[in-house]
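A.B. asks: Hey, can you work out the whole structure from these sequences and the hints?
2 protein chains.
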Amino acid sequence: MARNKHPEETVNLILSTAFRLFMKKGYEHTSVQDIIDQLGGLSKGAIYHHFKSKEDILVAVTDRMTAESNQMLAVIRDRSDLNGKEKLKAIFKESINRPVQNDIFTVAPDFHNNPRLLFSLLHDTIDHAAPKYILPIIEQGISDGSIETDYPEQLAELILLAANVWLNPMIFDSSEEESHRKFMVFSQMMQGFGLNVVDEEMLARLKELTSIYSIRKTSSR
Amino acid sequence: MARNKHPEETVNLILSTAFRLFMKKGYEHTSVQDIIDQLGGLSKGAIYHHFKSKEDILVAVTDRMTAESNQMLAVIRDRSDLNGKEKLKAIFKESINRPVQNDIFTVAPDFHNNPRLLFSLLHDTIDHAAPKYILPIIEQGISDGSIETDYPEQLAELILLAANVWLNPMIFDSSEEESHRKFMVFSQMMQGFGLNVVDEEMLARLKELTSIYSIRKTSSR
Chain A
1 MARNKHPEET
11 VNLILSTAFR
21 LFMKKGYEHT
31 SVQDIIDQLG
41 GLSKGAIYHH
51 FKSKEDILVA
61 VTDRMTAESN
71 QMLAVIRDRS
81 DLNGKEKLKA
91 IFKESINRPV
101 QNDIFTVAPD
111 FHNNPRLLFS
121 LLHDTIDHAA
131 PKYILPIIEQ
141 GISDGSIETD
151 YPEQLAELIL
161 LAANVWLNPM
171 IFDSSEEESH
181 RKFMVFSQMM
191 QGFGLNVVDE
201 EMLARLKELT
211 SIYSIRKTSS
221 R
Chain X
1 MARNKHPEET
11 VNLILSTAFR
21 LFMKKGYEHT
31 SVQDIIDQLG
41 GLSKGAIYHH
51 FKSKEDILVA
61 VTDRMTAESN
71 QMLAVIRDRS
81 DLNGKEKLKA
91 IFKESINRPV
101 QNDIFTVAPD
111 FHNNPRLLFS
121 LLHDTIDHAA
131 PKYILPIIEQ
141 GISDGSIETD
151 YPEQLAELIL
161 LAANVWLNPM
171 IFDSSEEESH
181 RKFMVFSQMM
191 QGFGLNVVDE
201 EMLARLKELT
211 SIYSIRKTSS
221 R
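Chains A and X, in that order, are what the protein sequence lines are. For the first sequence, the working numbering begins at 1 and goes up steadily by one. For the second sequence, the working numbering begins at 1 and goes up steadily by one.
None of the hints are false.
No copy is singled out in the list; a pair is fine if it fits within one copy or between any two copies.
The calculated EDC-like cross-link candidates involving lysine to aspartate or glutamate, where the alpha carbons are at most 20 Å apart (straight line), are:
1. K25 - E55
2. K54 - E28
3. K54 - D34
4. K25 - D56
5. K24 - E55
6. K52 - E28
7. K207 - D150
8. K132 - E178
9. K24 - D173
10. K52 - E8
For the record, the hints were derived by calculation from the structure and aren't laboratory data.
C.D. replies: Put into structure tokens, the structure is as follows:
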């Protein structure tokens, strides 16, 4: 690789390569040398110019994994045409529909070899995404009367834990039917909190996604 | 250590020591040699006589972590004097009350250095404990009319994910007040599913436990 490439491109290439190797071999079994070997001539010095350590690369990979999703959450959170409950509904619809999901499902079959990535995702969900994106929406909902709860922070956490972790087929293997049934229970949980945010269209889209995932899994094993 | 000790005692000592080191230094930063160094003269051969690898020790440590809890779940599951909903209530009461909790809270301050243990616990909860202990109780509840759901497997998973992972202060740092608020949301979630299983006595016990945990944390940092 030419040394004079734009540094952002180099960083992107390092992160894509690292992500692919982490998912394939597992974080613990991927060395910095393994990443370098896939980069067509980039020197060890060049990679250490951008990242202090493998741990540092992991943090950047996790940030990139959630960056696009967080961007979408921020846009909906900041809309001025929806009440709180409508924003929650918009988020679930968007999460299921955004096209990047297809890529993620294809590139990243599972977290089974990757406790470190799962750990990062779990803590990012609870410690970062829930308070930053879901909490302000619930608080708006309390103000505008569309959501009722005395525990907005905790409700935000529980909703996002269920959505990002339990419903995530990269974390828990589920057949198409199982995913559908999990989504029904999720929808009932939301209704139990007075939040009717899941509709038929979303269920149909979920079915489509779980098929893509099942095909990928079958062909890679 | 004498070679002629009962092998079960040796295994127990290896597992306690490994658990303590995994929690303190993290699984990845603990070597088999570190474990041996703490065992007062046990040879490398002796440890490999019982465990093929560090991974093998991890599996046994996780099994031991959940063995006592699983034993309690099995006893309640098999009681003949309670209906399904009463069994769920008994489980939550017992989980909060059983004295071993105090030890766990004291010995195991957190999972922050331990993605591998968290990963094992998460998968054990969803793939093993939910179908084996909670599902039969929900199915009984459906039969006896005390629980209503079309999705018993998924409801079992969601309940146990929330209880074992989200409410677990070893996984997510929570102040006493936060833990109490999480428990209130958990209780509302259960009510949303028609499951009124949390009472005032349980809330009081939870408060007591979170104090023990807070003291331990303050003194160790």
